[in-house]
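S.K.: So the chains spell out like this:
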Amino acid sequence: MTFQGLLGDALFLLVLTLAAVPVGRYLYRVFEGQPTFLDRVMGKLEHGIFRLAGIDPEQGMDWRAYAVAFLLSNLVMAVLVYLILMFQQDLPLNPAHLGPVAPTTVFNTVASFITNTNWQVYSPEQTLSDLSEFALEFLQFTTPAAGIVVAIAFVRGFVAGRQDLGNYYRDLVRALTRIFLPITFVAAIVLIALGVPDSLSGPAIAHSITGATQVIARAPVAGFEAIKQLGTNGGGIFNVNSAHPFENPGPLTNLIEEFLMALLPMALVFTFGHYIKNRRQAWIIYGVTMTLFVVLLLIAYSSEAAGNPIVHRLLGVTGPNWEGKETRFGISGSTLFATLTTAFTTGAVNTMHDSLMPLGGFVALFQMMLNTVFGGAGAGLLNILMFVVISVFVTGLMVGRTPELFGKKIEVREVMAATAAMLVHPFIVLGATALALATAAGRAGIFNPAYHGLSEVVYAFASPAANNGSAFAGLGAASPFYAISTGIVMLLGRYISMLLMLYIAGSLLSKKTVPASTGTLRTDTWTFGWIYLGIVLIVGALTFFPVLALGPIAEQLAMLAGKVF
Amino acid sequence: MTLSIWRNVRLAVTLFVILGLAYSLVLVGIGQVIFPSQAQGSLIVRHGRIIGSSLIGQNFSGPGYFHGRPSATVNAVTGKPDPYNADNSSGSNLGPTNPALLAEIKGNIAAQRGQVSGPMPGNLVESSASGLDPEITLQAALMQVPAVSRQTGIPEATLRRLVAKEAEGPLLGLYGPWRVNVLELNLALRQIERR
Chain A
16 MTFQGLLGDA LFLLVLTLAA VPVGRYLYRV FEGQPTFLDR VMGKLEHGIF RLAGIDPEQG
76 MDWRAYAVAF LLSNLVMAVL VYLILMFQQD LPLNPAHLGP VAPTTVFNTV ASFITNTNWQ
136 VYSPEQTLSD LSEFALEFLQ FTTPAAGIVV AIAFVRGFVA GRQDLGNYYR DLVRALTRIF
196 LPITFVAAIV LIALGVPDSL SGPAIAHSIT GATQVIARAP VAGFEAIKQL GTNGGGIFNV
256 NSAHPFENPG PLTNLIEEFL MALLPMALVF TFGHYIKNRR QAWIIYGVTM TLFVVLLLIA
316 YSSEAAGNPI VHRLLGVTGP NWEGKETRFG ISGSTLFATL TTAFTTGAVN TMHDSLMPLG
376 GFVALFQMML NTVFGGAGAG LLNILMFVVI SVFVTGLMVG RTPELFGKKI EVREVMAATA
436 AMLVHPFIVL GATALALATA AGRAGIFNPA YHGLSEVVYA FASPAANNGS AFAGLGAASP
496 FYAISTGIVM LLGRYISMLL MLYIAGSLLS KKTVPASTGT LRTDTWTFGW IYLGIVLIVG
556 ALTFFPVLAL GPIAEQLAML AGKVF
Chain B
613 MTLSIWRNVR LAVTLFVILG LAYSLVLVGI GQVIFPSQAQ GSLIVRHGRI IGSSLIGQNF
673 SGPGYFHGRP SATVNAVTGK PDPYNADNSS GSNLGPTNPA LLAEIKGNIA AQRGQVSGPM
733 PGNLVESSAS GLDPEITLQA ALMQVPAVSR QTGIPEATLR RLVAKEAEGP LLGLYGPWRV
793 NVLELNLALR QIERR
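Chains as they are written, first to last, in this note's numbering: chain A, 16 to 580; chain B, 613 to 807.
None of these hints come from the bench; they were simulated from the model.
Take the hints with a grain of salt, since some may be wrong.
Counterexamples of contact, computed for chain A against chain B with all Cβ distances above 12 Å [what the hints assert, rightly or not]:
| no. | residue |
| --- | --- |
| 1 | Thr-32 |
| 2 | Val-38 |
| 3 | Arg-40 |
| 4 | Asp-77 |
| 5 | Pro-115 |
| 6 | Ala-117 |
| 7 | Val-174 |
| 8 | Gly-176 |
| 9 | Gly-415 |
| 10 | Ala-531 |
| 11 | Trp-545 |
| 12 | Phe-560 |
The following label-pair restraints were derived from C-beta to C-beta distances [what the hints assert, rightly or not]:
| no. | chain 1 | residue 1 | chain 2 | residue 2 | range |
| --- | --- | --- | --- | --- | --- |
| 13 | B | Arg-802 | A | Val-94 | 50 to 56 Å |
| 14 | A | Val-205 | B | Arg-725 | 41 to 47 Å |
| 15 | B | Asn-687 | A | Pro-110 | 16 to 22 Å |
Now the stretches of chain A that chain B is said to cover, found in silico as 3 or more residues with beta-carbon under 8 Å [unchecked claim]:
| no. | stretch |
| --- | --- |
| 16 | 91 to 100 |
| 17 | 199 to 212 |
| 18 | 221 to 233 |
| 19 | 362 to 372 |
| 20 | 485 to 493 |
For glycine and all other residues, C-beta sits at the position ideal for the given N, C-alpha and C.
Just chain A, same shape as in the assembly (with noise of 0.2 Å):
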């Protein structure tokens, strides 16, 4: 590590959380239908998309309304992008020549963009039309914009006096029109200018001076690249995501792509801290989730920086870990990076993660299995509020007082659901790598051996879960075995907890709000965030403790032990 490194971390953190305050009151401000400053230009636009879908966006939904819109225009959003990607070779903007795509891919990839996810089991300058490319960066932008809005109803389920939990079309085309596009316009245009192609020329030949011809890959990268990090997507339009020169030329985009992907996690606690009228709260929730970050983005750099011990001392190599790093990123733009983009589980990757120093992969892998540290667009805020609504109940059970949040008791309908949400993530990442651990076909895709090779099984389904994306690349994820069962993943990790986050919602909201009392647990104090803290360390080691021993852990002692194997 170097005081350079931390110091830059310590900026960007800095820069991040200054950014996030205001934009999280301007997302309340635009789901809440206060005026903005786009409305001039976006509000025309937004009664167009309605016009021409024949949608009414006044009419208030309950949460059954909200589920099934959310459901519909998913799935329905989900077969078009399906039929483009199966076609591709008989349509438009197919600049390459790209043939057809393997069904298990197409399904794959389907339900990896539409959960939000982007999980890649495909080569992309390999494989997808740039029509497809547009086809996904579409489902780019919906996804993230659905993982919010359900988000803001959830929370809207808290709010005193409401009857309805919103219209979600009406939420959906607001956070496109207000959030989504002129933000991503304008990143886009930047990351141009700084060297980020964007070209339907398809790939151009190359003739080096040492005589040698190179086949350049080029794409439309810097649409997909804004939306992709901005989204918390993560789906690459290269191989190699944001490692890739032309994802990622150098130092400031890494920094302004990092910036992208934290920013709405982020910007949500405090949109959530406007709804109930506590900001107090919203920042107790971002300095305990902040103070989690900054020790794991410790414990990934140092063990970066102090390189591999086994390469220094067999072969004399000196200095730290570049398997798998870029040289503009260096060490510290390297592993903030892979910190974030698990944290926030975005997936877009700048550094390869199975290449990471055991204790590297650790990090990554340790916060998709927790899945709140921040989290996704929309996902993370809701993933925090089920942990708070536990939280409330068992230290209501300590005290012994009525389990209250933000005015509304906590009954054992809430408790049951949040933990049935809560119970999905370990059950489907651990259910299903032992799935794979036991069969031939799980096991053929292992790529490194022993530990390593367990925490590449773990991580592939991890990831998947937590609709992150990134991977230990090594596994042969496009496999049939691996392309299904990680599908079906990603589809039971988005949509289960999604739904039942909403059943909660539509239980608070047909409760009165009880106005605090001497008997009321506050929860907006330092004691209840690090309760709150403890209880998502305990749940995500007692469930994972045991895989992560056998995994990144045993790898990391066999390590220092000089073992390879």
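Start from chain A and add chain B according to the hints.
M.R.: Just chain B, lined up with the frame of chain A:
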């Protein structure tokens, strides 16, 4: 329900046209007009011929050139090693306790032994993430100066000045290491040789 499905189909198509097509095509258009060079991939063109892209590394591993980072890219059809294949980016994905990693680094060290003076910097023998890393650290470039000087007959002092001229420092003094673009460095080297 049917009505609601039909409305969702219309919504999905409308949004696809706006977010998938219009957004992308407008940006492509803007890029081509305002930043044509960047938008087309920062291509380096000499005498009407594309030499490469200043952002994409090329395979410099022979004598008379500064060497870049090891690349783990393969041929997409045969799966055989094909360093700096810019049509199929890839890292090695080798884990830290995999003996294959040690074997790979060992091979890279053997290839660089005559090129580097002093202890071997990891940057020059451990594969990049993309397989297309255009840069090496400044230190890794300077350590190659004596060998390149021997191979080309250009004095070491001249080469050091050249490396220093091509070197780029950290953004704001904080982000990214001191580093050198290998393709541009070798192009500059060629210029000196010509004179």
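S.K.: Indicate, hint by hint, whether the structure satisfies it.
M.R.: Evaluation of the provided hints:
1. Thr-32: The claim holds: Thr-32 of chain A sits with its nearest Cβ about 17 Å from chain B, beyond 12 Å.
2. Val-38: 20 Å, holds
3. Arg-40: The claim stands: Arg-40 of chain A keeps its Cβ more than 12 Å from every Cβ of chain B (closest is about 25 Å).
4. Asp-77: 15 Å, holds
5. Pro-115: Answer for Pro-115 of chain A: holds, closest chain B Cβ roughly 16 Å.
6. Ala-117: 15 Å, holds
7. Val-174: Correct as stated: the minimum Cβ-Cβ distance to chain B is 27 Å, above 12 Å.
8. Gly-176: 29 Å, holds
9. Gly-415: 47 Å, holds
10. Ala-531: 41 Å, holds
11. Trp-545: Trp-545 of chain A is indeed farther than 12 Å from all Cβ atoms of chain B, at 32 Å.
12. Phe-560: 21 Å, holds
13. B:Arg-802 <-> A:Val-94: 50 to 56 Å: At roughly 55 Å between Cβ atoms, Val-94 of chain A and Arg-802 of chain B fall inside 50 to 56 Å, so the hint holds.
14. A:Val-205 <-> B:Arg-725: 41 to 47 Å: At 43 Å between Cβs, range holds.
15. B:Asn-687 <-> A:Pro-110: 16 to 22 Å: Since the Cβ atoms of Asn-687 of chain B and Pro-110 of chain A sit about 21 Å apart, the hinted range of 16 to 22 Å holds.
16. 91 to 100: As far as the stretch 91 to 100 of chain A goes, the hint holds, because 3 residues have Cβ atoms under 8 Å from chain B.
17. 199 to 212: Coverage by chain B holds here, the residue count being 10 at a Cβ distance below 8 Å.
18. 221 to 233: holds (count 11)
19. 362 to 372: Coverage by chain B holds for the stretch 362 to 372 of chain A (8 residues, Cβ < 8 Å).
20. 485 to 493: Three-residue rule met by the stretch 485 to 493 of chain A, so holds; n is 3.
Going down the numbered hints, you'll see the structure goes against none, and every one checks out.
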